[in-house]
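Keeping their order, the protein sequence lines are chains C and A. Here the working numbering runs 118 ahead of the position in the first sequence, where the first position is 1. Here the working numbering runs 485 ahead of the position in the second sequence, where the first position is 1.
The set of hints was computed from the structure by calculation and includes no laboratory data. If you're wondering where the values come from, they're calculated on a predicted model, not measured in any experiment. There may be inaccurate statements among the hints.
Here are the computed lysine to aspartate or glutamate pairs in the DMTMM-like style, where the Cα-Cα straight-line distance is at most 25 Å [stated by the list, open to error]:
no.: 1; chain 1: A; residue 1: Lys509; chain 2: C; residue 2: Glu140
no.: 2; chain 1: A; residue 1: Lys509; chain 2: C; residue 2: Asp265
no.: 3; chain 1: C; residue 1: Lys438; chain 2: A; residue 2: Glu510
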Amino acid sequence: MEPILANKKLKIKKPNARNMVENVLEQFNSAADSIKLHPSIRKILSITNNEIIVHFPVKMDNGDVEIFTGYRVQHNNALGPYKGGLRYHPTVDIDAARALAMWMTWKTSLAGLPYGGGKGGIQLDPSLYSQSELERITRRFTYALGDNIGPEYDIPAPDVNTSAQTMAWIADTYMSAKPQTQRSMNQHVVTGKPVGSGGLEGRDRATGYGVFLTIKFWAEKNKVNLKGKTFIVQGFGNVGYWAALFLEKEGAKLTAVQDAFGSIKNANGIGVDSLFNYMQSNKGSIVGYNDATEMDNKDFFGTQCDILIPAALGNQITEKNAADIKAVLIAEGANGPTNVEGEKILLKKGVTIIPDILCNSGGVIASYFEWLQNRNGELWQLEEVILKLEKKMKESFMKVYDYSKTKKLDFRTAAYCMAILRIEKAYIQRGIFP
Amino acid sequence: MNSTGLNLCQSCVYLHSCVLTLQKEKVWSCSEYESNTTELSETKPPKKVSSKKRKLVVSI
Numbered sequence: 119m120e121p122i123l124a125n126k127k128l129k130i131k132k133p134n135a136r137n138m139v140e141n142v143l144e145q146f147n148s149a150a151d152s153i154k155l156h157p158s159i160r161k162i163l164s165i166t167n168n169e170i171i172v173h174f175p176v177k178m179d180n181g182d183v184e185i186f187t188g189y190r191v192q193h194n195n196a197l198g199p200y201k202g203g204l205r206y207h208p209t210v211d212i213d214a215a216r217a218l219a220m221w222m223t224w225k226t227s228l229a230g231l232p233y234g235g236g237k238g239g240i241q242l243d244p245s246l247y248s249q250s251e252l253e254r255i256t257r258r259f260t261y262a263l264g265d266n267i268g269p270e271y272d273i274p275a276p277d278v279n280t281s282a283q284t285m286a287w288i289a290d291t292y293m294s295a296k297p298q299t300q301r302s303m304n305q306h307v308v309t310g311k312p313v314g315s316g317g318l319e320g321r322d323r324a325t326g327y328g329v330f331l332t333i334k335f336w337a338e339k340n341k342v343n344l345k346g347k348t349f350i351v352q353g354f355g356n357v358g359y360w361a362a363l364f365l366e367k368e369g370a371k372l373t374a375v376q377d378a379f380g381s382i383k384n385a386n387g388i389g390v391d392s393l394f395n396y397m398q399s400n401k402g403s404i405v406g407y408n409d410a411t412e413m414d415n416k417d418f419f420g421t422q423c424d425i426l427i428p429a430a431l432g433n434q435i436t437e438k439n440a441a442d443i444k445a446v447l448i449a450e451g452a453n454g455p456t457n458v459e460g461e462k463i464l465l466k467k468g469v470t471i472i473p474d475i476l477c478n479s480g481g482v483i484a485s486y487f488e489w490l491q492n493r494n495g496e497l498w499q500l501e502e503v504i505l506k507l508e509k510k511m512k513e514s515f516m517k518v519y520d521y522s523k524t525k526k527l528d529f530r531t532a533a534y535c536m537a538i539l540r541i542e543k544a545y546i547q548r549g550i551f552p
Numbered sequence: 486m487n488s489t490g491l492n493l494c495q496s497c498v499y500l501h502s503c504v505l506t507l508q509k510e511k512v513w514s515c516s517e518y519e520s521n522t523t524e525l526s527e528t529k530p531p532k533k534v535s536s537k538k539r540k541l542v543v544s545i
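Same shape as in the complex, but just chain C (with noise of 0.2 Å):
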């Protein structure tokens, strides 16, 4: 029987959700060849643990009542509690859940966390439903979820349409279906939330810090000064403003931006928070910036430059544009920025690529930090999540960098292999249970 889904009527298309699922597993067994990976712990990585599907109730404002689905896919826990985010989105589904599951599982483990993977969300458009209405919302799905969630076993993290605010609906819902003596231990059931209910100072800017300091360290490494040296920002969102902030700090120089708006230039410079808060006043857009030149769209990748972050979304550097490209190091600070027909030209070309799974790895790091701080009661200052970031950051670039050195591979095959064989080492370790 088909079962009764609030959004059935949202006229969204899904495609490819299979081929997603596809696609992670190929890149998996493409590694997993390249490491000669035990038979059986392929096995094990190649399914989900578990898959939990929620229909749940919810009285909306006008007294009537709607049914919402949940899911919540949890990949792998060899290393640690589960770990991934919850998204609020009408193409939200079982398959795009498993797949992106598993990408967290490889994530987590190549930044060194004791975490495993997991992904969820809700099948629905935020838009639709008012700021109360999504309150109820989060806080049943919470309870429809129950202990399938908890501080030592799956931790969500805000994603798509979630933010600060639902993750501390989700803390307070679990906290509270606690017995009261339990309910201040449970708080890092979720990371994410905001600063004053357990979060991290720092947070915000976690992600392209990170980003910034994986262009550090493969400069310290290859004795290229920063200064003076030029780079251009797809993305002047979160992600591709702080990386432009640090990088500016240290002596490098922003010559060109896209965002959702357009393109603009400027050879001899664009001061980073004098375009951010351009951008602010401008209804978020870069567009119009008095001290840049607009350019054209197609035009904006292969702009002369050292550096090119890709920090928006993917499958920007492709078979079709990646011989424009001038710049010698490419920092992925967005998800699957690179095709594979684009890495292919860019790797004959000499480009180095750091890749979205150790560059943009920041957040889930800082997730890791919040965690750490709530179970320890604790609270950390920015400094010291700064420098706590840092060393963290460089242990999965270092780890990075040595064995694409050892084994001769390009960064993202390495890195795919270093995820999976911290996986398989601890499965030799503790065998299959019985």
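Since chain C is already given, all that's left is putting chain A on it; use the hints.
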């Protein structure tokens, strides 16, 4: 990661004006993504939503 399964663009406020991609059916992650409810702040007043937009499942 080169996966393309989810489809964020259709619910993004920049769907028609965005210059970043023509492959708007393939975006599952985007830093520029913005829906009407991206910022769920405590201070934001509740929206008035027409119940006609949603499917009525149960009436009590």
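Here is what the structure says about each hint:
For the suggested pair A:Lys509 and C:Glu140, the alpha carbons sit about 20 Å apart, so the restraint of at most 25 Å is met. Taking the CA atoms of A:Lys509 and C:Asp265, the gap is near 37 Å; set against the 25 Å cutoff, the hint is violated. For the suggested pair C:Lys438 and A:Glu510, the alpha carbons sit about 18 Å apart, so the restraint of at most 25 Å is met.
Hint 2 alone, counting from the list given before, is not met by this structure.
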